[in-house]
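A.B. asks: If you read the protein sequences in the order shown, they are chains A and B. Sequence positions in the first sequence follow the UniProt record's numbering and run 1 to 233. Sequence positions in the second sequence follow the UniProt record's numbering and run 1 to 423.
Incorrect hints may appear among the rest.
Said to hold, decoys possible - Short derived list, chain A residues pointing at chain B, Cβ under 7 Å: (1) Met74; (2) Gly90; (3) Phe173; (4) Arg212; (5) Leu213; (6) Gly217.
As the list claims (entries may be wrong) - Per label pair, the in silico range of CB-to-CB distance: (7) A/Asn198 - B/Ile303: 26 to 36 Å; (8) B/Arg288 - A/Lys111: 16 to 26 Å; (9) B/Val403 - A/Glu118: 45 to 55 Å.
Derived by calculation from the structure, the hints in this document are not laboratory data. A virtual CB, placed ideally from N, CA and C, is assigned to each residue, including glycine.
In case you want the letters, here they are:
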Amino acid sequence: MLVLEDVHTHYGKIEALHGVSVEVKKGEIVSLIGANGAGKTTLLMTVCGNPQATSGRVILQGRDITRDLTSNIMRSGIAIVPEGRRVFSGLTVEENLHMGGFFNTKSEIRKSQDHVYELFPRLKEREHQRAGTMSGGEQQMLAIGRALMSKPNMIILDEPSLGLAPLVIKQIFEIIGKLREEGITVFLVEQNAHQALNLADRGYVLETGRIRLHDTGKNLLANPDVQNAYLGG
Amino acid sequence: MAAHNLKHALFCAIVTLIISYPILGFNLASEGTTVTLEGAKTSTIVGVLLAAVVVFLFQLFRDNLMGSLRQLPAVNPLANRKPMEQSKRLKLESTLLTLMIIGALVWPFIASRGAVDLSTLVLIYIMLALGLNVVVGLAGLLDLGYVAFYAVGAYTFALLSQYYGVSFWFALPIGALLAALFGLVLGFPVLRLRGDYLAIVTLGFGEIIRILLNNMTNLTGGPNGIGGIPDPTLFGMEFGRRVKEEGNTSFHETFGIAYSGEHKVIFLYLIALVLAVITAIAIRRLMRMPVGRAWEALREDEIAAKSLGLNRTAVKLSAFTIGAFFAGFAGTVFASKQGFISPESFVFLESAIILAIVVLGGMGSQMGVILAAIAVTILPELAREFSEYRMLIFGAAMVLMMVWRPQGLLPMRRIHIELKKQE
């Protein structure tokens with residue numbers, strides 16, 4: 001589904017990713033964990049083409065997208081839930097969702113909208129409310145719902161648990177599990193390592209711009225190094 | 001606390017004296033060939049002192065005063081009303097709009113010539129403000145050089161008519177399209193900029209156009225401007241006493257009525273009205289189309305908009321181009337109305353006034369912008385009796401407005417599209 005081959009990414013002269021290789025297979029949930037500043041978000045942004053990789057290749061569904069425009073990448077069956085939710089706070093819930101299906105026909109939008117409301121009944125209740133007036137958890141649900149509106153084959157989540165209450169985090173992770181059942185490939189980037197690895201088929205540990213470890217989720221959870229560094233011993 | 005207030009109040013009073021005394025307290029008088037400075041009348045000086053006392057007292061009791069002012073919104077009967085239902089509101093809005101348009105159609109036949117002339121100017125400002133509303137209110141791009149596109153429209157018509165004898169009706173689309181082209185060209189370099197930087201670059205662009213017009217003397221006549229711009233014709237009928245161009249007839253002869261200068265004024269007003277209505281309807285449509293939602297999404301959150309696959313460049317350029325297009329429209333009408341244009345008409349102050357209209361009306365709201373355009377154009381005229389103080393009153397009105405209704409006269413309401421549920 002998504003393959004990164006020896007990707008180097010620079011911000012100006014500073015290299016943030018030093019040759020990262022990651023593979024996400026169809027139907028999997030893959031988690032990427034790492035500390036602050038490890039380069040997790042940079043890796044995601046490189047997939048989206050903003051900034052573009054300076055060397056190496058990014059391949060999405062068999063197509064090399066390394067040099068594609070962000071707007072084209074985001075229209076080719078991939079959706080991202082950006083860090084910090086970033087819902088359109090002045091628009092209503094419904095309008096936010098419609099923005100997610102911007103390039104789809106009206107009937108497709110209607111169908112995906114019903115589907116999103118099924119996944120998140122809470123959003124249906126708040127249909128005409130401005131997104132900015134909702135709680136953090138609801139906004140996160142909306143951000144995920146908005147990403148689903150374009151009917152992606154693959155969804156990338158950047159720190160969906162950021163700043164949320166434990167109970168809400170649990171809900172969000174349940175939803176992510178459901179997405180897999182629907183056949184959507186999930187690439188999850190998290191600091192909340194325990195839950196992210198628990199859910200994941202496979203996991204990668206990113207440290208200062210390099211992949212340090214790569215294993216199944218269960219094995220990583222049991223790995224003493226990971227336990228020490230990311231799970232609080 | 002009290003001591004602090006007293007100190008502050010004293011300071012403010014002294015500043016008032018320092019500012020107003022040199023301005024109001026001295027007069028220049030000419031004695032023969034020399035100019036001498038003399039003190040003003042006692043009444044003026046008493047006035048200045050009184051003003052200082054007022055400022056002192058206001059600052060001393062400011063907390064109490066502002067406290068009671070804050071209770072004013074509670075008196076406002078509209079403060080706590082529930083928002084109307086969407087269907088009801090849309091109905092009310094369309095009835096109001098129809099009434100307004102009928103009123104505007106009848107207006108020139110009952111009002112005086114001067115009033116109609118002023119109304120034409122109001123309509124031109126409405127067109128400008130609606131156009132800028134797309135750029136600033138919807139797309140969230142702060143454009144301080146909007147007047148440049150207005151100038152492009154006006155000069156296109158003036159130059160085309162001077163060199164090629166092109167008529168108003170031909171020049172109208174050309175002027176608008178040329179302005180749109182300028183919008184597109186300016187759009188490219190400024191796309192990467194945001195906020196303050198964008199404002200500065202657009203400000204510079206506005207000035208560049210004005211200075212170019214001023215200095216290309218052999219083409220534009222420089223500061224002397226271009227005169228003799230023809231009036232619009234009605235199916236080849238001219239509104240002058242005598243027909244200027246061969247092949248044309250004159251309006252009053254065709255209809256066998258006595259010549260009156262008012263015909264032309266009314267005709268111009270009606271043209272401006274039709275164009276303003278076209279502008280409003282076109283932009284209203286655009287707002288509800290996907291491109292309109294894309295503008296808003298980009299204003300709300302650029303990164304999120306990009307993550308949904310929106311092309312930032314295309315969306316911003318479309319806003320700039322469409323905004324410029326309608327400024328070109330307005331410019332052509334303006335040139336025709338004035339019959340004479342010079343770079344003087346396209347100074348930065350114009351941009352500022354148009355921007356003020358958009359902000360006062362409520363960013364993004366069409367109805368609000370129209371009301372604000374009427375208020376901002378007419379207020380200085382009404383305040384003419386106060387002669388030199390009218391701009392002061394105008395400024396005070398704006399400040400008060402921003403204190404009490406920072407969201408604008410009629411802030412934008414969200415229009416939402418309801419998808420019909422499939423049975």
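A.B. asks: Now tell me if each hint is right for this structure.
C.D. replies: Each hint, compared with the structure:
no.: 1; hint: Met74; verdict: holds (4 Å)
no.: 2; hint: Gly90; verdict: holds (5 Å)
no.: 3; hint: Phe173; verdict: violated (21 Å)
no.: 4; hint: Arg212; verdict: violated (28 Å)
no.: 5; hint: Leu213; verdict: violated (29 Å)
no.: 6; hint: Gly217; verdict: violated (26 Å)
no.: 7; hint: A/Asn198 - B/Ile303: 26 to 36 Å; verdict: holds (29 Å)
no.: 8; hint: B/Arg288 - A/Lys111: 16 to 26 Å; verdict: holds (22 Å)
no.: 9; hint: B/Val403 - A/Glu118: 45 to 55 Å; verdict: holds (47 Å)
Taken one by one, the earlier hints fail for this structure at numbers 3, 4, 5, 6, listed in ascending order.
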